[in-house]
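K.L.:
Sequence:
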Amino acid sequence: MREATNAELELVHTPEHIRNVRSAIEVSGVEGEPVQLNGDTIVSGASWDAAVGSVGAVLTAVERVGDGELRNAFVAARPPGHHATPSQAMGFCLFNSVAIAARWLRTQRRAERVLIVDWDVHHGNGTQDTFFDDGSVFYLSLHQSPHYPGTGAVEDTGAGEGRGWTLNVPLPAGTTAEVYHGEFGTALDAAVGVAEPDFVIISAGFDTMAGDPLGDFLLEPEDFHRLTRAVMDRVGEAGVVAVLEGGYEPRRTAQGALAVVRALAGLDYP
36 MREATNAELE LVHTPEHIRN VRSAIEVSGV EGEPVQLNGD TIVSGASWDA
86 AVGSVGAVLT AVERVGDGEL RNAFVAARPP GHHATPSQAM GFCLFNSVAI
136 AARWLRTQRR AERVLIVDWD VHHGNGTQDT FFDDGSVFYL SLHQSPHYPG
186 TGAVEDTGAG EGRGWTLNVP LPAGTTAEVY HGEFGTALDA AVGVAEPDFV
236 IISAGFDTMA GDPLGDFLLE PEDFHRLTRA VMDRVGEAGV VAVLEGGYEP
286 RRTAQGALAV VRALAGLDYP
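Using the working numbering, the first residue of the sequence shown is number 36, and each one after it goes up by one.
Label pairs and their in silico Cβ distance ranges:
id	residue 1	residue 2	range
1	Gly220	Leu105	23 to 29 angstroms
2	Gly74	Arg106	38 to 44 angstroms
3	Gly228	Gly301	21 to 27 angstroms
4	Glu231	Ala194	18 to 24 angstroms
5	Arg198	Glu218	21 to 27 angstroms
6	Glu190	Gly103	36 to 42 angstroms
7	Ser122	Asp84	18 to 24 angstroms
8	Ile77	Glu272	38 to 44 angstroms
9	Gly195	Glu231	15 to 21 angstroms
Hints listed in this document are in silico derivations from the structure and should not be mistaken for laboratory results.
We treat Cβ as the ideally placed atom computed from N, Cα and C, and that holds for glycine.
Please build the complete structure, drawing on both the sequences and the hints.
P.N.:
Now the structure itself:
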């Protein structure tokens, strides 16, 4: 594994944003106290290593899958990333690992068309913003609405060359597994039909599970095995990398992550 470089962070984020995050982390390290970047995101003196290490781990995973060394991969990244916009940290997110990895795959010519599937309970506004006018990276999000961060409307479908390359499926609190799987299958079919991806990155949030303190969906660990298999079944030989996003009940998050790993490995859910 490795740390992401500044040049790799700048595939998505502005230099000013990177400097601001690093400066706040350095201040926290000197003062020995957390520093608030905004109303919902704080950093400590160890946050830089965690953030660039997580991005680096995701880049390592997509590189190895893209090169055929691995069939697919799961990355246990922290902090999460999908709320981080090109110029702003928010929602516990400093750098958008999934967005950086998608752009890295494109710039390194390891993929022509990337599909990002985001099943976190919160809409990934940062990922949407990054690729809203990009006709090579399709962004699909199923998320609770109304809910933080208040984005992800059905009408948001992309702009310019990216028109039709964003698909949002807002769902109400209390959505059951049966309803979720039906909506997911329909949306995934539409996304794959447009993107015809040769690489898929999953923003795998486990705050969609019943009992998570920050979400109100009713999925169980076995549902994430089914969701992962649905992606793999539809994309054929395309590489698949799942990246941990949200999930705020540790035991349940671990169970969901294990279910995804078993699906990626071709193992049944026990």
